[in-house]
Amino acid sequence: MDRKRLFLAALAFIAGAAVLFLISSWRGNGHHARPGFAHAHNGRFEIDGNPFRFVGANIDLMFQKETRADVPRMMQFAAASGMRVVRVWASGEGGLTDVQPANNWQRDRWFRRTPDEWDEAEFVFLDRIIAEAAHNGLKVQLCLGNWWRDTGGVTQYLRWAGINGADDDKFPFGINNEKAMQFYTNEMARRLYRGHVEKIATRRNSITGLLYRDDPAIFGYELMNEAQCLTGRWEERRAWLKEMSDYLKSLDPDHLIGPGDWGYRTAAERREWIADHSLPSIDFCDAHNYPQDDHDSFVDSPTALGEFIANRVAAAYSIQKPLVLGEFGMGTDGYKGFSQIDWYRAYFDQAAREDAAGAMFWILTPDPQRGYGVTYSSSRDAVLLSEVNGASNLFHSLVNASPPPALTDAGKNLIPRQFAFDRSASDAALQPQIIFQNDRTILYRFTPNAVARGRFEKLGGGDGYIWGAGSGFFEYVVPERKDRRKVGSIVVRAHIQPVLPTDAKTDWVRTRVTLFVNGTDCGSRLIPWEDPKAPLIQEWKIDSWSPRLRAARGKSFAIRFAVTPESDWLYGVNISNWPVGYESHDAAPVEVEIR
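Sequential numbering from 1 applies to the sequence shown in my numbering.
Just so you know, the hints here were simulated from the structure itself, not pulled from any lab data.
Any given hint might turn out to be false.
[What the hints assert, rightly or not] List time: in silico SDA-like cross-link candidates among lysine to any residue, alpha-carbon distance up to 20 Å:
hint, residue 1, residue 2
1, Lys-482, Ser-567
2, Lys-458, Leu-230
3, Lys-555, Arg-481
4, Lys-65, Asp-116
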């Protein structure tokens, strides 16, 4: 090869290497945000390099003709009240003869009447909402689907896919969740949903002329409103979230995407929530709360609401993604002795101070009769709307504040909420039966509910049994003795089962129980749901020096059955839960044997 050819080949190699370097550098530094677009960075939102936190509202405009004329007024009012983001439905499936709402939700508009018939007028109206929002300096969060029947939702997609019965009034909220789960895996339902995603992301606004994917007035997308999942089937939903978020990013790489998972209520669900939001194409986390309706969250006071918020912000912080509290509602009568204003003040104050990226409420409306409605068409909610404005100022004042130190404590927020009790060890009801055997073994027999201390996410029990759901512990106290003796080993026995979530299958559920004797870890085991005809008595043999020495000296010691927050299976302990039809005297005691 002559010198000229060698030179050209070397030049081509250098140029190619330079291009590869630039591409890898661009990828390594992340996708650069476009001007005016919100993006996520280190657990917070930014716009044009500036931090962005917001108070916002769900808006009641899309589906009822009585409210549709109020678009300019509502947007003007929202902006004047300090709101910066509004959340709106960008979906609605089926017609008058298709899936209908299970409650009093009213609608007379649809984005998509059949798999192949779209209502252009509805899209034009959405164009108008986005244009009016932009005109008033607001951003719009678009929700692309709905688990619930209010707008058609997943049950209508399943009908179109030939799967009937997911909408069924015999079930809570009118949905057969077992059938509805097929939405995540059915190919036709997924294809139909992808069609709607493409329709939205590639649309050109008929008023502004901008493609949706090029419009900075759009804050971002939610794949679904309150996407539900049965216990133990998390991977089905997660695969769907990955598929759809990746697909949406391929159409619109510049807007934010949230999954639309309404949140978690247990430590086990928290792990799955974190895994869902850790997907590469998911940009922010979300959670909803309605204290009057969502009893599983145990938000029964403004203080508990603050704890709820802090826990969710910490979970999002652990994966360095912003948290948006997408819905919060409270009726005009308040709840649990606290006024509506008390609740809203706590909601916004805690969200701001705990470093939530955004806090939205349900629902801004011109209709004073709307459930959980916050209306601007009368003076009824003037004080509440003043709180909203004050909250916006608070968020703005804290936009550069450092995150609370508690967010950096990895172990502090592993469990959403626990309930605890502590009884005196001298309580007669806690004392075991003591049996001195011929071989000098001492056997202590506790009734299952003779627990001195307990802490779990939920607690319950009765004559001959006690249960605690999720992560936590039950502790029995072996009383002090006057004599001293040699102790070769300690044996602990108990009839333990997992606590079964209401939507879980027995062949799936198990729990990881660790035995602690006076703080010494004596080993764990994975306990399955047992066959009622063959009870499983768990037995630990303890040879550790420290517990044996304490027992030898006759000191009292604690026997703790724990499901630790770090356990791989977080499904509680049910001690001596006998099969249906048995009496309490059939319950196996908790035994501690000193040999």
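Results of checking the hints against the structure:
no.	hint	result
1	Lys-482 <-> Ser-567	violated, 38 Å
2	Lys-458 <-> Leu-230	holds, 19 Å
3	Lys-555 <-> Arg-481	holds, 6 Å
4	Lys-65 <-> Asp-116	violated, 24 Å
Violated hints for the displayed structure, listed by number in ascending order: 1, 4.
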